[in-house]
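Participant: Given these sequences and hints, build the entire structure.
Residue numbers (UniProt numbering): 1 to 476.
A couple of the hints might just be wrong.
To be verified - As a list, the in silico BS3-like pairs of lysine-lysine whose alpha-carbon atoms are at most 30 Å apart:
| id | residue 1 | residue 2 |
| --- | --- | --- |
| 1 | K126 | K319 |
| 2 | K126 | K13 |
| 3 | K407 | K126 |
Unchecked claim - Quick list of simulated restraints, FRET-style, between CB atoms:
| id | residue 1 | residue 2 | range |
| --- | --- | --- | --- |
| 4 | K158 | S195 | 20 to 26 Å |
| 5 | L318 | N348 | 42 to 48 Å |
| 6 | Q156 | L134 | 39 to 45 Å |
| 7 | K71 | E235 | 15 to 21 Å |
| 8 | F219 | W148 | 28 to 34 Å |
Just so you know, these hints were derived from the structure itself, not from any lab. Glycine included, each C-beta is placed from N, C-alpha and C at the ideal position.
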Amino acid sequence: MDEQWAKARIKIKGETRCIAWRFIRDLIQAESKREKQVKMFALAIYGLVIFPKSLGYINDAVMELFDHLDKGITPVPAILAETFRSLSACKKSGEGRFICYAQLLLVWFHSHFWKPEKVSYQACFKSYSPLQDLASMPRPENLSCDKWKTIFRNLQEKDVIWKARWFFPNNIVYKCGDYDWVPLLGIWGATGYASLLVSRQYRSRQFIPATRGLATCEFPYEGRGYKKNVSKIAEAWKRIYKMEPFDEKPRVTPEYRRWRSMRINDDIPLPDPENNVPVEEQLRVDPSEMEIAKHDFKKKYLMMESRLSGLENEKNQLKFGMQSQEREIERLRKGKGKVEEDLNNLRNDYKKLRASAKYAGLGKTPAEWKHEIQKEKERADLWERRFNDIQGQQRIMEEELFRNRAKNLSLRGRVGELEGSLQRYHSRNHATELKASRQENENMKKQVEDLEAALETCQGQIKNFEEIQSWNNQQW
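Facilitator: Following this line, the structure appears as structure tokens:
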């Protein structure tokens, strides 16, 4: 649906421009995407049910509002504004047709004019929907216009429920900007709503608020100067004033009773500034024991709800833990089966090995193996003792070899001295001394040969000892 398509199908009815529902219906049937079908059907609901202007037609102002919903604009102020404007027009003329969300007004009637025998406990939950509950509630059917007139004319104070059983307001918006009430912008006009005139709907004390100028806040979007008023109201909504409701049995002030009995319909003037009592002070009341008990019950209920949520989380965690343990048990069970299978295979292999060892003659009893091990230990001890003895003999031989080497060096020095003496004797030509010297030299040579023979013997013993030690190491 584009601008050219809309211009070709727009029709002027009275002073408004609109599009017939049949064109939107044809678009929905021809559209293949589910999301666009739902969006166009929602537009039809807004134009035919929530803001009905002409039967079977959707007003262009409704389409403009619908385009702004995607930007986060709430339609609630517009719905309230057009509802109050239509009711005000019917009241001023004494007749006429209510042109707005009639089903919403019917919900308001059932919430305040029919006292239910019991209230669903689900009304305390955030997910509770009063519209769904009221849609399923049994109510009178086929009521004619005369029957409705009779019902409204015969209403008594005891028949009115000021605060709906499902209504739990968090904050009350009682004024905006410099206005002493709440100005509302609709799609065809604006109006003012003094929420403090019906403070009993919020279960608070009813008093007479200031409403001077409230009637001038209602105007249609036509003529000169209305855009300036719209801008003023839009600017006022940038400064809203809220208060917390005081949940107690609805009460009214004596001044309000006198004003109500006199049926004063004019605007209520502003109070004397010297004797002005703030709105918050007029609404503030001391809570009763029942209200305190109710507040404590709500607090305990929220605590129990929070505890229940914690238990639910703990339950889910335990459930997840049990599932993990079950998976672990199943894994261990499978592992146990595999281990048992491997153990059986090892037992079979051991039996086969035992049989083959016995067949080969290696199968000995534990006593025989113990005796064999004991013999090997004794043999090892014997070789260890021999090895220690040989090491002791080696040390003795090494010491003797060291001494013989020292003695050999000493003898060689002595031989050198004797050879020097011999040369001296030769030079002197003393035959006797030469003979004696030769004899001594021969003796010394013989001693050297003996020592060399002893040295060779020691070296042979050392070589034999080293061979024995090497053989022992190989045996070990």
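Participant: Give a verdict on every hint.
Facilitator: Cross-check of the supplied hints:
Straight-line distance between C-alpha atoms of K126 and K319 comes to about 28 Å, which keeps the hinted pair within the 30 Å bound. Of the pairs offered as hints, the one joining K126 and K13 is violated, with about 43 Å between alpha carbons and a cut-off of 30 Å exceeded. Between the alpha carbons of K407 and K126 the distance comes to roughly 118 Å, so the proposed pair goes past 30 Å and is violated. At about 24 Å, the CB distance of K158 to S195 agrees with the hint of 20 to 26 Å.
Judged by the Cβ atoms, the range 42 to 48 Å given for L318 and N348 holds: they are separated by roughly 45 Å. The beta-carbon spacing between Q156 and L134, approximately 23 Å, falls outside the hinted interval of 39 to 45 Å. At roughly 19 Å, the beta carbons of K71 and E235 sit within the given window of 15 to 21 Å. Remark: the range hint 28 to 34 Å for F219 to W148 is upheld by a beta-carbon distance near 30 Å.
Hints 2, 3, 6 from the earlier list are contradicted by this structure; the remaining hints agree with it.
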